[in-house]
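**Student:** Those protein sequence lines, which keep their order, are chains A and B.
Here the first sequence is numbered in numbering that gives the first Met the number 0, starting from 0 and rising by one per residue.
Here the second sequence is numbered in numbering that gives the first Met the number 0, starting from 0 and rising by one per residue.
Just so you know, not all the hints are guaranteed correct.
Below, computed lysine to aspartate or glutamate pairings styled on DMTMM-like, alpha-carbon distance capped at 25 Å [as the list claims (entries may be wrong)]: (1) K198/B - D26/A; (2) K198/B - D162/A; (3) K192/B - D187/A; (4) K147/A - E14/B; (5) K195/B - D376/A; (6) K242/A - D376/A; (7) K195/B - E146/A; (8) K331/A - E342/A; (9) K242/A - E22/A.
Worth flagging that the hints you see were computed from the coordinates, not collected in a lab.
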Amino acid sequence: MSEIQSVKIAVRGLTKIFGDAPEDALDLLHKGETKQTIFERTGQTVGVADANFDVYEGEILVVMGLSGSGKSSLIRCLNRLNEPTSGEILIDGQDIVGLKHRDLLQVRRRKFGMVFQHFALFPHRTIQQNVEYGLEIQGVAPEERAEKALTALSQVGLESSVDSYPDQLSGGMQQRVGLARALAVEPDVLLMDEAFSALDPLIRRDMQQELIALQSRMRKTIVFITHDLDEALFLGNRIILMKDARIEQVGTAEDILSNPATTYVERFVAEVDKTKLLTAGAVMRKTRTVAFVNDGPRTVLRKMEDEDLNLLFVVESDFTLRGVVRDDAALKAVQRGERGIQEIIETSIEPVGIDTPVRELFAPLSESSMPAPVVDDAGRLKGMVVRASLLQGLADQSSATTTEEAA
Amino acid sequence: MIDIPRLPLADWIDEGLDALTDQFAPATKLVSDLVETGIESAVDGLMWLPPWLTILLVSALAWRLAGRRTALLSLFGFALLWNLGLWEPTLQTLVLVLIATLVAVAIGAPLGILAAISGGVYRVLFPILDFMQTMPAFVYLIPAIPFFGLGPVAAVFSTVIFAMPPAIRLTTLGIRQVPADLVEAADAFGSTKWQKLVKVQLPLAIPTIMAGINQTIMLALSMVVIAAMIGAQGLGGEVWRAIQRNEAGMGFEAGLAVVVLAMVLDRITQGIIRNRRSPAN
Numbered sequence: 000m001s002e003i004q005s006v007k008i009a010v011r012g013l014t015k016i017f018g019d020a021p022e023d024a025l026d027l028l029h030k031g032e033t034k035q036t037i038f039e040r041t042g043q044t045v046g047v048a049d050a051n052f053d054v055y056e057g058e059i060l061v062v063m064g065l066s067g068s069g070k071s072s073l074i075r076c077l078n079r080l081n082e083p084t085s086g087e088i089l090i091d092g093q094d095i096v097g098l099k100h101r102d103l104l105q106v107r108r109r110k111f112g113m114v115f116q117h118f119a120l121f122p123h124r125t126i127q128q129n130v131e132y133g134l135e136i137q138g139v140a141p142e143e144r145a146e147k148a149l150t151a152l153s154q155v156g157l158e159s160s161v162d163s164y165p166d167q168l169s170g171g172m173q174q175r176v177g178l179a180r181a182l183a184v185e186p187d188v189l190l191m192d193e194a195f196s197a198l199d200p201l202i203r204r205d206m207q208q209e210l211i212a213l214q215s216r217m218r219k220t221i222v223f224i225t226h227d228l229d230e231a232l233f234l235g236n237r238i239i240l241m242k243d244a245r246i247e248q249v250g251t252a253e254d255i256l257s258n259p260a261t262t263y264v265e266r267f268v269a270e271v272d273k274t275k276l277l278t279a280g281a282v283m284r285k286t287r288t289v290a291f292v293n294d295g296p297r298t299v300l301r302k303m304e305d306e307d308l309n310l311l312f313v314v315e316s317d318f319t320l321r322g323v324v325r326d327d328a329a330l331k332a333v334q335r336g337e338r339g340i341q342e343i344i345e346t347s348i349e350p351v352g353i354d355t356p357v358r359e360l361f362a363p364l365s366e367s368s369m370p371a372p373v374v375d376d377a378g379r380l381k382g383m384v385v386r387a388s389l390l391q392g393l394a395d396q397s398s399a400t401t402t403e404e405a406a
Numbered sequence: 000m001i002d003i004p005r006l007p008l009a010d011w012i013d014e015g016l017d018a019l020t021d022q023f024a025p026a027t028k029l030v031s032d033l034v035e036t037g038i039e040s041a042v043d044g045l046m047w048l049p050p051w052l053t054i055l056l057v058s059a060l061a062w063r064l065a066g067r068r069t070a071l072l073s074l075f076g077f078a079l080l081w082n083l084g085l086w087e088p089t090l091q092t093l094v095l096v097l098i099a100t101l102v103a104v105a106i107g108a109p110l111g112i113l114a115a116i117s118g119g120v121y122r123v124l125f126p127i128l129d130f131m132q133t134m135p136a137f138v139y140l141i142p143a144i145p146f147f148g149l150g151p152v153a154a155v156f157s158t159v160i161f162a163m164p165p166a167i168r169l170t171t172l173g174i175r176q177v178p179a180d181l182v183e184a185a186d187a188f189g190s191t192k193w194q195k196l197v198k199v200q201l202p203l204a205i206p207t208i209m210a211g212i213n214q215t216i217m218l219a220l221s222m223v224v225i226a227a228m229i230g231a232q233g234l235g236g237e238v239w240r241a242i243q244r245n246e247a248g249m250g251f252e253a254g255l256a257v258v259v260l261a262m263v264l265d266r267i268t269q270g271i272i273r274n275r276r277s278p279a280n
């Protein structure tokens with residue numbers, strides 16, 4: 000994303016200390032003591048230490064770290080479920096740390112929707128009543144909130160079981176309801192606390208993909224907490240890495256993988272680093288449909304429609320890559336009554352060799368919205384790499400190596 | 000040896016009670032008259048209905064709330080008591096129990112809510128509850144007399160004190176055991192304390208609160224029997240008379256009536272708790 004981004008939430012010097020004597024702990028923290036030393040000396044637990052970062056409008060910011068690293072404390076400071084010990088949290092320029100309780104309730108109602116790890120659906124309310132909860136406490140009229148609830152439920156693909164109770168649904172469905180409940184209040188910011196961690200892996204992958212689709216439709220600002228590197232790489236426009244209550248690094252997945260700021264980050268991504276061995280061939284997707292040079296524009300258009308694509312790679316009959324054809328060009332060719340597609344093939348694309356290390360793909364892919372075609376030594380099309388599949392490939396690789404090491 | 004004077008605890012309490020009685024005599028007299036009228040008219044009203052009709056109505060209610068077995072228990076149990084000539088004392092006891100329970104819950108549930116929300120109230124209230132529950136039940140009968148005189152009102156008063164603790168305790172427990180993430184969710188959406196209480200905490204605490212009410216009813220029943228000693232009528236009165244006349248058979252019959260009443264009340268309230276568990280109904 001290269002457009003100029005406006006800051007939705009600015010966090011400055013945010014510190015959260017759990018305990019009855021936070022001043023002592025603050026002093027030690029300013030002297031640069033670690034979480035462990037402070038706990039040993041004062042009995043106070045440092046949840047978040049001097050966090051500084053921005054959340055941009057419309058991005059998915061992933062906060063990741065192991066359990067106990069302070070990520071949950073951090074997200075709860077943003078809507079003051081945890082009362083910050085010191086620091087500023089500016090939402091649209093307004094510091095919410097000093098707000099009185101009544102104003103704070105308004106901020107929670109208007110700005111935030113929250114999704115929880117274990118769903119936290121109200122068991123005594125139907126699905127619809129759950130989704131209506133936020134609107135109900137704002138005093139929205141019953142008809143209006145029913146309408147908004149149904150809209151939110153359809154956004155997450157759940158319209159049929161509105162009169163069921165949460166315990167009648169599967170985990171994945173319950174979390175869709177959790178998401179719909181958060182979306183129903185039309186919040187500026189979605190706070191998602193390990194929202195998919197309790198789901199089994201297949202459903203989890205679906206939900207991640209749907210969240211990305213949802214986000215690209217609705218342009219919500221999302222702060223997403225996870226302990227899972229796969230998930231962070233897959234979802235995050237940017238990633239914050241936390242350790243022992245401190246932020247270790249803020250950056251894109253690419254930044255974090257290629258320029259780890261500290262040795263901790265380096266070790267964290269060490270498994271991913273083994274992906275120097277990983278090649279384009281390993282992370283590419285098979286191209287299911289291609290256009291042949293002798294195809295007519297109508298055929299090409301129909302193939303795109305069938306696969307819901309807006310471009311196709313063009314190959315010779317032996318699959319040698321010739322270029323790419325786009326849907327708008329094909330449409331115009333049909334309108335002009337052309338019989339072939341030779342005129343509209345774009346040949347300026349640069350194919351990627353099948354043995355190219357994944358690392359070298361970051362830069363070209365982040366500049367282009369188009370997938371990169373992958374070819375073998377003879378120049379024949381073998382597949383394509385898109386940004387998401389690249390990161391997913393890395394993530395799968397990292398979890399595979401983790402499992403091997405554990406075994 | 001130094002002669003340590005005996006602590007005049009009893010005198011202090013007597014003086015305190017006397018002062019209270021003098022202070023509140025007009026008020027307690029008024030309450031006493033009102034409650035007594037209420038109890039009498041309730042019993043009269045029930046006595047006006049033919050017993051077979053009341054028995055059928057109670058059985059039908061039991062069927063609806065707790066199922067067929069409880070309905071049969073009510074039908075045969077109450078028919079037996081009618082046959083034994085214990086119909087009126089049974090109704091008197093039932094009315095006393097229900098009124099005492101009503102008052103105990105009306106006071107106990109709000110106190111329980113307060114104790115759940117405020118740590119301060121909790122720390123003050125719960126030791127008092129421990130005290131109330133370990134104090135022998137008979138002791139509550141004594142101060143009831145100067146306040147309300149001998150009779151059913153004094154009985155209701157001491158019964159309320161004796162039976163209230165579970166209503167308070169289980170209300171507090173019910174609210175406190177609402178899962179933390181649900182409370183957090185309610186907070187995250189900007190609920191006020193009141194909204195959180197009414198929309199999330201209380202509905203989820205209801206099964207536990209109902210269990211507290213069930214216990215309150217059982218304690219009230221046992222106390223109402225004991226309160227016969229200070230002039231409460233009903234089944235306790237029958238037992239008390241049997242003791243004085245040394246008539247074991249008569250005492251057993253009255254005791255059996257208490258058991259029947261206890262079982263019916265217990266099964267019906269348990270049935271209500273079970274039905275509440277499925278929120279769809």
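**Student:** Broken hints, numbered, in rising order?
**Tutor:** 1, 4, 5 and 6
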